[in-house]
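Here is how the chains run, residue by residue.
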Amino acid sequence: MNGKIIAFFDKMQKLDRRYIYLMVALSIIIPLVIPFNSPTFTSETTENIYRKIDSFAGDPTKAVLLSFSHDASTMPELFPMEVSVLRHCFERNVRIFTICWSPAAAPLMEHAINTAKENYDVTSGVDYVNFGYKPNSLFLPIVLGMGEDISEAIDTDSQGRKIKNLDIMKEIKNYDDMNLVIDFSGGGAALSWVTYARAKFGVNVAAGITAVMVADYYPYLQTGQLIGMFRGLKGAAEYEKMVDVFASYETDEYPNGRPFSKEVIKNVKVPITKSTIIYIEDGVEFDTGIPLNYKYKVARIGMNAQSVAHIMIIVFIILGNIGFFLTRKKDNL
Amino acid sequence: MKRQIPLIIVITLGFMFVAHSFIPHTISQDFLTWFQDWMKAISPFAVVLGIMSLFMVHGKKISYKAPNWQYSIVTLAGLIFTALTGFIWGTQAGTPYMWIFKNIQMPMSSTMFALLAFYIASAAYKAFRARSPEATVLLVAAIIVMLGQVPLGTMISKWIPISSKWILNVPNLASKRAIMIGVGLGMTATSLKILLGIERTYLGGGD
Numbered sequence: 001m002n003g004k005i006i007a008f009f010d011k012m013q014k015l016d017r018r019y020i021y022l023m024v025a026l027s028i029i030i031p032l033v034i035p036f037n038s039p040t041f042t043s044e045t046t047e048n049i050y051r052k053i054d055s056f057a058g059d060p061t062k063a064v065l066l067s068f069s070h071d072a073s074t075m076p077e078l079f080p081m082e083v084s085v086l087r088h089c090f091e092r093n094v095r096i097f098t099i100c101w102s103p104a105a106a107p108l109m110e111h112a113i114n115t116a117k118e119n120y121d122v123t124s125g126v127d128y129v130n131f132g133y134k135p136n137s138l139f140l141p142i143v144l145g146m147g148e149d150i151s152e153a154i155d156t157d158s159q160g161r162k163i164k165n166l167d168i169m170k171e172i173k174n175y176d177d178m179n180l181v182i183d184f185s186g187g188g189a190a191l192s193w194v195t196y197a198r199a200k201f202g203v204n205v206a207a208g209i210t211a212v213m214v215a216d217y218y219p220y221l222q223t224g225q226l227i228g229m230f231r232g233l234k235g236a237a238e239y240e241k242m243v244d245v246f247a248s249y250e251t252d253e254y255p256n257g258r259p260f261s262k263e264v265i266k267n268v269k270v271p272i273t274k275s276t277i278i279y280i281e282d283g284v285e286f287d288t289g290i291p292l293n294y295k296y297k298v299a300r301i302g303m304n305a306q307s308v309a310h311i312m313i314i315v316f317i318i319l320g321n322i323g324f325f326l327t328r329k330k331d332n333l
Numbered sequence: 334m335k336r337q338i339p340l341i342i343v344i345t346l347g348f349m350f351v352a353h354s355f356i357p358h359t360i361s362q363d364f365l366t367w368f369q370d371w372m373k374a375i376s377p378f379a380v381v382l383g384i385m386s387l388f389m390v391h392g393k394k395i396s397y398k399a400p401n402w403q404y405s406i407v408t409l410a411g412l413i414f415t416a417l418t419g420f421i422w423g424t425q426a427g428t429p430y431m432w433i434f435k436n437i438q439m440p441m442s443s444t445m446f447a448l449l450a451f452y453i454a455s456a457a458y459k460a461f462r463a464r465s466p467e468a469t470v471l472l473v474a475a476i477i478v479m480l481g482q483v484p485l486g487t488m489i490s491k492w493i494p495i496s497s498k499w500i501l502n503v504p505n506l507a508s509k510r511a512i513m514i515g516v517g518l519g520m521t522a523t524s525l526k527i528l529l530g531i532e533r534t535y536l537g538g539g540d
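Residue numbers (this note's numbering), protein chains in the order written: chain E, 1 to 333; chain U, 334 to 540.
Just so you know, these hints were derived from the structure itself, not from any lab.
On a predicted model such as this, the values are computed, not experimentally measured, just so you know.
All C-beta atoms in this analysis are idealised placements derived from N, C-alpha and C, irrespective of residue type, glycine included.
Hints are not guaranteed to be accurate.
Claimed, not checked - Under 7 Å between C-beta atoms, here's a sample of chain U residues computed to sit facing chain E:
| # | residue |
| --- | --- |
| 1 | Ala426 |
| 2 | Thr428 |
| 3 | Ile437 |
| 4 | Arg462 |
Please model the complete structure; the sequences and the hints are all you need to start from.
Below, the structure is given as structure tokens:
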């Protein structure tokens, strides 16, 4: 019996990597094609961003700047974050600016805005402005210049309109008003905002990053130089859920969304295969019948695939190690 | 002179920027505005230089029929065609430029990055072994952090996300900070050497 087990693991050790590739592909494709409901637990790093943006709700003297520092390669993780933040701002009437530093990011930015604004009656130049693509070589002068006067640092928006003539700029001048910058990147771009905009002008900086970059950003979270962070696709899924549970929540009691509450987010389930909100009380789930107004649930579907893929990799590691120890034992005999 | 003039420019401007960071005076602010205007004027030349360089490198490859020269044709054709669609029809939603971006560039870039998942899974299976106590610590930490990143971790035990957070917040943070301090000190030392004209390798050439 032992000999058979050792022989099996010996064979497994030499398994052709193409079988592994096939299993990974299936573990990702099946959850994407057949969505299922899995819980989304929110974390403080994401909640902090939500609460900061929510504190600007309905205030024409406050705005958020979204900096797109990535290309399409990291889009599956970062794009749902961007759309969720845009949706939150449109829901809660928060002024929003967008900018990017690479030509490859400009169409992504347009795509994110167009995707998010589908369900909202928002106008460019009034509710939001897309500054468009600015060459990376101008990063420093623009970032520092916006600390003094945004319309001086950036002349025109993506449509060629003079920034200073836009309605949105009437009550927004510099970082004192545009007091939150969220940088989306697959690298260390957010840290440049910390170095220049945060250090010199005290602007609040948050980062939307790919999961592989998360460990690099922790020192900045601990010091408070970053007020929050989207930790890969998980962060995007958490934000999607918060927008559904709070910002786009509509009842007679809360006609324009309800305020953030840790208790509520803990006890509410937002199933991706149903169209109503599920509430949990004393461990028992009941359907509230309150309709979900969302269309966007890409990150939560993606999280299903990520969950299965993570489990698959963990199983691979465990199997690989069992095989390693058994074959080593056999070699020592 | 070829080396002295760039050296003088670097040293002078370097010290002026150091002064600007520490002296909040009107002259200092004016200097920054002046610099910003210069930057705006200079940066378009970098784009021209980049395109010229791309044409020269790939043009040479095509004319000499160097290995894989066919790919150079694709590169240049892609550059010209994409740029032309942008110049002629603009870059707004619904234009051919956006069509190219959405249907060619986006899936290709995503595919390249997605390959990472396959390599990681394969590497985890083939090479991630508890060969030593250090490797075992790394392996256990990786499993906890991976489980902490998905809902299943919290469903198994509330201690998994707590442990994952601890790993990221304590050992990871301490080592990252140590590396950052080291890099920071190194950068300061190198910057000082450049400002004082001791470090000149960035000028190229020999000594």
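Subject >> Indices of hints not satisfied (ascending) >> reply: Of the numbered hints, 2, 3 do not hold.
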